[in-house]
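Engineer: This is what each chain is made of:
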Amino acid sequence: MNRAKRSRALFCLGFLSPALLLFGTLVLWPLVQTVWLSLHRFSGLSQNRDFIAFRNYETLFASSDFLKVLGNMSGYALIGVPVALVLAMVLALALNQKSRMTAWVMSFLLIPQILSVVAVASLWRFVYLPTGGLLAGVASWFGVRDLPLWLGDPVVALPAVVATWIWYAVGFYALLFLAGLQNVPGEVQEAAKLDGAWGWRLFSSVVWPLTWSVRKVTTLYAFIQVFGLFGLVIVMTEGGPARSTESILTYLVEVAFENSRFGQAAAIGVVNLVLVLGVVLGIGLLFRRDPAEASR
Amino acid sequence: MNKWFLVASGCALATATFLLTACRPEAGGGGSGKSENKSIEVVAFKGGFGIDFYESSAKLFTDETGKKVSVSGDPRVWEKLKPRFIEGNVPDLMFPGWGFDHWTAASEGQLEPLDSYLDQPDPSGKPWRENFDSAALKLGQIEGKQMVLPYYVPVMGWWYDEALFKKNGWIPPKTSDDLLALGEKMIAAGVSPLTYQGQYPDYMIVGFLLPWIHSAGGPEDLNSCFSLEPGAWSSPSVVRSVEFIALLRDRGFFQKEALALNHTESQMQFIQGKAAMIPCGTWLVSEMQKSIPEGANYRFFLPPVFPDGAGDPSAVAIKIEPWMVPARAKNKEGAIEFFRFMTQPEQAKKFVREKGTLTAVVGSEPDDMPSFLKEASQAVRGSNQVWANRIKDLYHEFYKFLEQNMTELLAGRRTPQEFVRLAEAEAEKVRKDPEIRKYKL
Chain A
1 MNRAKRSRAL FCLGFLSPAL LLFGTLVLWP LVQTVWLSLH RFSGLSQNRD FIAFRNYETL
61 FASSDFLKVL GNMSGYALIG VPVALVLAMV LALALNQKSR MTAWVMSFLL IPQILSVVAV
121 ASLWRFVYLP TGGLLAGVAS WFGVRDLPLW LGDPVVALPA VVATWIWYAV GFYALLFLAG
181 LQNVPGEVQE AAKLDGAWGW RLFSSVVWPL TWSVRKVTTL YAFIQVFGLF GLVIVMTEGG
241 PARSTESILT YLVEVAFENS RFGQAAAIGV VNLVLVLGVV LGIGLLFRRD PAEASR
Chain B
1001 MNKWFLVASG CALATATFLL TACRPEAGGG GSGKSENKSI EVVAFKGGFG IDFYESSAKL
1061 FTDETGKKVS VSGDPRVWEK LKPRFIEGNV PDLMFPGWGF DHWTAASEGQ LEPLDSYLDQ
1121 PDPSGKPWRE NFDSAALKLG QIEGKQMVLP YYVPVMGWWY DEALFKKNGW IPPKTSDDLL
1181 ALGEKMIAAG VSPLTYQGQY PDYMIVGFLL PWIHSAGGPE DLNSCFSLEP GAWSSPSVVR
1241 SVEFIALLRD RGFFQKEALA LNHTESQMQF IQGKAAMIPC GTWLVSEMQK SIPEGANYRF
1301 FLPPVFPDGA GDPSAVAIKI EPWMVPARAK NKEGAIEFFR FMTQPEQAKK FVREKGTLTA
1361 VVGSEPDDMP SFLKEASQAV RGSNQVWANR IKDLYHEFYK FLEQNMTELL AGRRTPQEFV
1421 RLAEAEAEKV RKDPEIRKYK L
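If you're matching them up, the sequences are chains A and B in order. The numbering used here numbers the first residue of the first sequence as 1 and each following residue consecutively. The numbering used here numbers the first residue of the second sequence as 1001 and each following residue consecutively.
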C-alpha cells in the first residue's frame, strides 16, 4: 500500500472509529460475553461459574416449557405480523386518498404509539375484563353473555394478546406504508391509468412494486418488534394462563431472575438472536430483488 | 488532508475518552460501598409497606447508639442487589423482596449463617432467638442452619364479609361438608361461593391445594411433597385434595371469571359481594383499603378441613419475608445490632400498628389490633401446626409447573388423575436433574 492509500485508509478509519468503538463496546462485546456466559452454569448471585459447554442449550431444547414458548413466538410472529401489515397497508391505501380527514385519522391511529406499553396493556386488560370490561359490556347490550375469558383461557389468551399488539402497532406501520405510497411518482400512476390500469391492476402492477423498499423495512421491523415482546405480555398476563402467552423474553427473565440460571438465560438470549437473524435473512431473501428494478 | 486527518483522529480520541471515562469504577454512583467507614447500610424491598418504618427505626437507632444507618430501597431492589453480589459490594443488612432467590444465595455461601448471633443475649439478657416466634424462625432455616430471619409475617387463610354472611344467615364453613352445603345456598342466592386471583395461581395453591393436602395427610405428607419424595405428589392425600378442588369446580363453586382476574380484580369482586369468600393473606385489608365500602367487616378464617383427615384442624399457613446478612458484608455486627433493635417488642409493636400486619416478634401485638388481625393472630397462637409453602422457594421450576397444572385443572382442561400423574412425573424429573440442588427439610 503506498503512502497516499495508507493515509486515506487511516483517514476513513478515523471517521469510522467513533461508531466502530461504540458498536464494539456496547453491542459486540456484550454479545460475545452473552455467548460465553451461555456456556456456563452461573446463578448470577456470585462469581462462581462452571464451564458446561452446550449443556444449557441441551436443557433448553429438552424443556417442554421452552418449546411451548417457541410455539407462542411463532403464533405472535405468524399471526400478528401478517395481520398487522395487511391492516396497515389497507389503512395506508385509504389514507392516501388525499382527504381532509387524512391527518386527523393518522393522528388517531398513532395514539397507541404515544402511550406507553404499560398503559396500552392496562387499557386492554380493562377491554378484556370479564366483569365490567368493555367487550363484556358491549356484548351484554346485545344480550350476549357467554364470551370467552379472554386473558384467562389458555386457548384464546394468545390471540387476545396478539390483537392488542396489532392495535398498538398498526398505526405506526400504516404511517410507514403511507410514506411509501406517497413516494410512488404521480406521473407513473397517471401513465398507467392512461394505459388502462385501474383499481387492482394499478395497485398490483404499479403501486405494489414501487413500495418494495418500505415493505421490506416494515416487515423486518415488525418481526424484530415481535421478538422483543416483553412489557405487553408482562402487564397483560405475565405469560399465563399456563404459559400460553409467554414470550421468549418474559421466559428469559423468569429463568434468569426467578430460577437463578443466568447461564441458561444467556442461552435463551442467543437462541432469540439466532431466530431474529434467521428471520432477517429470510426476509432479505424474500425481498432480494427490487421488482421495479428487475422489470427494467 | 492533514487537517481532516487531525479531525478524524480527534473524533476517535474523543470517543475513546468518553467510553473509558464512562467505564471507570466510580461512574454510575455504585462505588459508595467501598468506603471503609463503619456505618450500617440497609437495603430493603419497597413493597406495600414501604421503607418508611425502617428509616424511622434507623433514626431512632442512631439517636440511641450514635451509629449511622443508611436505608434505601425500591420496588425491584433485588435486581440492583444481584450485580452488587457479583461485584462483592454488598449491603450490611437486606430485605431483598420476592424476586431474590435467597436459598440459592445461601447455597453459594453468599449469606451469613445467623445461629451464633441468635444465641447472643438481647438487651433484656435472654437469647435473641427467644424474641422470635419459633415457627416463623424455623422457616428461615435450611438444612439445620438459620440463614434468614423473619420480620413481618402474613398469615394465609380465607376471608368473608361478616355483613353479607349475617344478612343471609350463613356461617363460615369449618369442614369440607360445611363448604359443600353452604356453597349450594350461596349459588341459590346468586353469589359465587369462591373467587380467586386467577392470574397468580400461587394464591390457589396456598389457598386450596396445600391446606387440603395438610388436612388430608398431615404435615408429613405436606413435607414429603415439599421435599419431592417419590410418590408424594401422587399420594392419597394429594389425590383427595385435587379431587375436591375438581368437585368444587364442577359444582360451580368458583366464580367463573376468576381465571382471568388478577389479585386486585378478584379481590374487588369479593368486596363487591359477587363472591362470598376468597383465599388471601392478612395483607388483604390494607391492599384494598381504598375500595372497602362503609359497613363491610372482613373476617379471617382458616380454610375448611376434611373432617376425617389426618391433619390438625388448627393448622395454619404463614409466610415470612426474609431479612439476611450477606457473607461479605463489611459491618455484620452493626447489621445484627440494628436488626436486633428492630425486633425489640416495642419497636415491632409500632410496625404492627402502622402497617396492620403481624410480625414474628413475640409480644409485638398491641391490644388495639383490628379484629381480622386478632383472628389471624389467634389462629397462629392457637395452632399446633404452623406451616409455610416451602416448595415455592426451594424448587422454582417445579412450582411454576404446579401453577400451570393448577390453572389447567381450574379451567377444566385437566382431570384430577392427569393433574396427579403430571405432578409426580415433574417431581421425578426434578429428582433426576443434577442441575437442580436438592434440599432436605
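Incorrect hints may appear among the rest.
Unchecked claim - Simulated crosslink set (DSBU-like; lysine-lysine; CA at most 35 Å straight-line): (1) B/Lys1438 / A/Lys68; (2) B/Lys1429 / A/Lys68; (3) A/Lys68 / B/Lys1290; (4) B/Lys1290 / B/Lys1349; (5) B/Lys1059 / B/Lys1290.
Simulated from the structure, these hints should not be mistaken for lab results.
Engineer: Determine for every hint whether it applies to the structure shown.
Structural biologist: Quick rundown of the hints versus the structure:
Pair hint lysine 1438 of chain B plus lysine 68 of chain A holds up; C-alpha atoms about 26 Å apart against a cutoff of 35 Å. Distance restraint check for lysine 1429 of chain B and lysine 68 of chain A: the Cα-Cα separation of roughly 18 Å lies within the 35 Å cut-off, and the hinted pair is therefore satisfied. A distance of roughly 40 Å separates the Cα atoms of lysine 68 of chain A and lysine 1290 of chain B; the hinted pair therefore is violated under the 35 Å criterion. In summary, the hint linking lysine 1290 of chain B to lysine 1349 of chain B is supported, as the alpha carbons are separated by about 24 Å, within the 35 Å threshold.
Note on lysine 1059 of chain B and lysine 1290 of chain B: the hinted pairing holds, with a Cα-Cα distance of about 30 Å set against a maximum of 35 Å.
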